[in-house]
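These protein sequences, in sequence, are chains A and B.
Once you know that position 94 of the first sequence is 100 in my numbering, the rest is easy, because the numbers rise by one and skip nothing.
Once you know that position 96 of the second sequence is 123 in my numbering, the rest is easy, because the numbers rise by one and skip nothing.
Among the hints, a few may not be true.
[To be verified] Residues from chain A that keep clear of chain B, each with C-beta distances beyond 10 Å, as calculated: (1) Ile13; (2) Val46; (3) Pro98; (4) Thr149; (5) Pro199; (6) Pro255; (7) Gly264; (8) Glu295.
[What the hints assert, rightly or not] Computed spacing ranges between beta-carbons, pair by pair: (9) B/Asn165 <-> A/Ala284: 43 to 49 Å; (10) A/Glu315 <-> B/Glu62: 54 to 60 Å; (11) B/Ile226 <-> A/Ser9: 51 to 57 Å; (12) B/Ala402 <-> A/Ser10: 45 to 51 Å; (13) A/Glu231 <-> B/Asp380: 31 to 37 Å; (14) B/His66 <-> A/Lys55: 41 to 47 Å.
Simulated from the structure, these hints should not be mistaken for laboratory data.
In this text, a Cβ means the ideal position worked out from N, Cα and C, and glycines have one as well.
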Amino acid sequence: MSSSQKITLAKGLNMGLRKAMEDDDKVLLMGEDVGKLGGVFRITDGLQKDFGEDRVIDSPLAESGIVGTAVGMALRGYRPVVEIQFDGFVYPAYDQIVCQVAKYTFRSQGKVKMPIVIRIPFGGGIGAVEHHSESPEAQFAHTPGLKVVACSNPVDGYWMIQQAIAHDDPVIFLEPKRQYHADKAELDESATPEPLFTSRVVRPGSDATLLAYGPTVKTALKCAEAAAEEGRQLEVIDLRTLSPLDMAPVLESVRRTGRCVVTHEAHVNLGMGAELAARITEECFYSLEAPVLRVGAFDTPYPPSRIEEEYLPDLDRVLDAVDRTFAY
Amino acid sequence: MTEPAGFGPDLAEVFGPSQQDGGPNLVQLLTPEGERVHHPEFDHDFSAEELRGLYRDMVLTRRIDVEATALQRHGELGIWAQLLGQEAAQIGAGRALSPQDYVFPTYREHGVAYCRGLDPLKLLGLFRGVDQGSWDPNEANFGLYTIVIGAQTLHATGYAMGLQRDGVVGTGDPERDAAVIAHFGDGASSQGDVNEAFIFAASYNAPVVFFCQNNQWAISEPIERQTRIPLHQRALGFGFPGIRVDGNDVLATYAVTKAALQRAREGNGPSFVEAYTYRMGAHTTTDDPTRYRLNDELEHWKLKDPIERLKVYLRRNGLVDQEFFDSLDAEAKELGAHLREGCKALPDPKPLDQFGYVFSEMTEELEAQRDGFAAYLESFEGAHS
Ligand SMILES: Cc1ncc(C[n+]2csc(CCOP(=O)(O)OP(=O)(O)O)c2C)c(N)n1
Numbered sequence: 007m008s009s010s011q012k013i014t015l016a017k018g019l020n021m022g023l024r025k026a027m028e029d030d031d032k033v034l035l036m037g038e039d040v041g042k043l044g045g046v047f048r049i050t051d052g053l054q055k056d057f058g059e060d061r062v063i064d065s066p067l068a069e070s071g072i073v074g075t076a077v078g079m080a081l082r083g084y085r086p087v088v089e090i091q092f093d094g095f096v097y098p099a100y101d102q103i104v105c106q107v108a109k110y111t112f113r114s115q116g117k118v119k120m121p122i123v124i125r126i127p128f129g130g131g132i133g134a135v136e137h138h139s140e141s142p143e144a145q146f147a148h149t150p151g152l153k154v155v156a157c158s159n160p161v162d163g164y165w166m167i168q169q170a171i172a173h174d175d176p177v178i179f180l181e182p183k184r185q186y187h188a189d190k191a192e193l194d195e196s197a198t199p200e201p202l203f204t205s206r207v208v209r210p211g212s213d214a215t216l217l218a219y220g221p222t223v224k225t226a227l228k229c230a231e232a233a234a235e236e237g238r239q240l241e242v243i244d245l246r247t248l249s250p251l252d253m254a255p256v257l258e259s260v261r262r263t264g265r266c267v268v269t270h271e272a273h274v275n276l277g278m279g280a281e282l283a284a285r286i287t288e289e290c291f292y293s294l295e296a297p298v299l300r301v302g303a304f305d306t307p308y309p310p311s312r313i314e315e316e317y318l319p320d321l322d323r324v325l326d327a328v329d330r331t332f333a334y
Numbered sequence: 028m029t030e031p032a033g034f035g036p037d038l039a040e041v042f043g044p045s046q047q048d049g050g051p052n053l054v055q056l057l058t059p060e061g062e063r064v065h066h067p068e069f070d071h072d073f074s075a076e077e078l079r080g081l082y083r084d085m086v087l088t089r090r091i092d093v094e095a096t097a098l099q100r101h102g103e104l105g106i107w108a109q110l111l112g113q114e115a116a117q118i119g120a121g122r123a124l125s126p127q128d129y130v131f132p133t134y135r136e137h138g139v140a141y142c143r144g145l146d147p148l149k150l151l152g153l154f155r156g157v158d159q160g161s162w163d164p165n166e167a168n169f170g171l172y173t174i175v176i177g178a179q180t181l182h183a184t185g186y187a188m189g190l191q192r193d194g195v196v197g198t199g200d201p202e203r204d205a206a207v208i209a210h211f212g213d214g215a216s217s218q219g220d221v222n223e224a225f226i227f228a229a230s231y232n233a234p235v236v237f238f239c240q241n242n243q244w245a246i247s248e249p250i251e252r253q254t255r256i257p258l259h260q261r262a263l264g265f266g267f268p269g270i271r272v273d274g275n276d277v278l279a280t281y282a283v284t285k286a287a288l289q290r291a292r293e294g295n296g297p298s299f300v301e302a303y304t305y306r307m308g309a310h311t312t313t314d315d316p317t318r319y320r321l322n323d324e325l326e327h328w329k330l331k332d333p334i335e336r337l338k339v340y341l342r343r344n345g346l347v348d349q350e351f352f353d354s355l356d357a358e359a360k361e362l363g364a365h366l367r368e369g370c371k372a373l374p375d376p377k378p379l380d381q382f383g384y385v386f387s388e389m390t391e392e393l394e395a396q397r398d399g400f401a402a403y404l405e406s407f408e409g410a411h412s
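All chains should be modelled from the sequences, with the hints used to inform the complete structure.
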């Protein structure tokens, strides 16, 4: 049966979580305000009502506690899906994530699995106060033992969350909070989804490659549109997975275009862009017409929201970088 | 709840069947009906002047809150953390402080900030998104608002340990002896940081008062989600006293906090004050309490309004006249106008300024980023003109 409907990212995630809970009664949701309130972004709306308080757990206000108890739940055979309310509040749980969640399988020489999903609404652009707009992905991607993915659209939200939950390793699941209620897309629940840890070309092009994930995918697509008006065909790749990185589509693309710009909201210094630039340089050195350029945040803390628009990579800054790659 | 023999007392027996209305140990000096009552340990002889002052403080604090809420509705603030109902808890605590004491607030301590003499306009910057707190924490000994729940309790404890090292605790000189107060919520009591702060404070006998406003809710989660025993009782397990005070009674909050601060200043170590109160507004202006809170509960607490009960007491005892109310009204209006006009006039930060605040000493790398960004911005100015 094919049932198509237009949904937001928030709805896609909500439906995906529901489906995962229906499919496997070991799946539990844990976090602050995820129950009655349905989460501050309403991603878990209605789930406690339908699955009960034992499966949608309103936790005490303690992130280390939430993730640490999820470790115990996983040891007992459950598949906890943890919600961190905002990116900036993942740090109290950082120790549990980096030292425990990430290392249990290694420490136990593979005897123990950690099928935990840690959902983090990430990125800026919502006019929030401090600690509500961070992009901490590199901190987790830098940690062996964690897998890190970022969805960028409603359909991916629906499928990726289910795939992450079904996966036996811990997954840091990044959700671009700015997109939660923004654009709608057509979801066909009977379709076959792309595998979880894969990148995808979301707009083909031949002149330069734009790499993005999460909130910057939309920016990259807008850039490609703008560039097309000037006669430049940009290929846009939604990375979707940050650790492991799926380099094959990226390398194939850059070999063809010879130019690459990476954009993310996180700091440029030691960020995902740095890793991508290094790998592309190693693999495609002779195909490159210009160095791989990065557009991201400056190495300054996220600023007060009144100037976040000048801080976040936007259409102009990415286009500017594209221009520069063509100037070589 | 029955415990097997040997595991100590039955919790239900110790704490009583119900904690409704604060339970039997609630320190109160003014009932919700505005009756003055006395407490054997915590009391204070309030002069008429003091009482009028506390009333005025609460009215003006509520005005700050109401104006800021309205400013948020008009799109002038991105968000606002309301304190409606918590005026007595904050003014009682704020007025109990000496100038040399140091305050570590959360993001909701608008009344305490007001007591420290901060221009309320300064509080709006964070919520408007033009800064992250523009006051100098060391000027009025009032720390920056802290968004990450509970983090400030450790800072408070460390500061208190610093006071000990500076020899300004237990000298016997009331002008010199200092203490620290850390504000936080009932939800925060679950954070590791807060529990670690308790351990440090107890271990080092630090002069810090942990002042928890138990407003019954942490966004949608009720107090039962954070604790199974009355919160103030927790302190005992960490090795210092805990007191529950009626947080809607400004007189009691003042008296209890004053005693706790005094104890700390004299070198007798930390204590925990649980101000038992209620968040009558939403958690913040983006929250929708109708999804989790019963209206009955709100109606019940409205009857305990901290401002009303003092008003009744002042009136009944002939401590105020109409002129007092009129001039206070005028003062509140003026404060409101100051906030409305001042808020809109708060300047946006300049994009390049941010680079200068990352470190006290700028790095070359960052300087290069700043210059690059400046050149980029300039290229647009050319294009637009
Ligand atoms: C470490 C951390 N986790 C989550 C949040 C999001 N958050 C902001 S306020 C709040 C509830 C706080 O409740 P409580 O401590 O009782 O204080 P109240 O706001 O009720 O005064 C939450 C969960 C945060 N700011 N910091």
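Hint-by-hint comparison with the structure:
no., hint, verdict
1, Ile13, "21 Å, holds"
2, Val46, "7 Å, violated"
3, Pro98, "7 Å, violated"
4, Thr149, "20 Å, holds"
5, Pro199, "32 Å, holds"
6, Pro255, "30 Å, holds"
7, Gly264, "24 Å, holds"
8, Glu295, "22 Å, holds"
9, B/Asn165 <-> A/Ala284: 43 to 49 Å, "44 Å, holds"
10, A/Glu315 <-> B/Glu62: 54 to 60 Å, "56 Å, holds"
11, B/Ile226 <-> A/Ser9: 51 to 57 Å, "55 Å, holds"
12, B/Ala402 <-> A/Ser10: 45 to 51 Å, "49 Å, holds"
13, A/Glu231 <-> B/Asp380: 31 to 37 Å, "33 Å, holds"
14, B/His66 <-> A/Lys55: 41 to 47 Å, "45 Å, holds"
Hints 2 and 3 from the list above are not met by this structure, while the remaining hints are.
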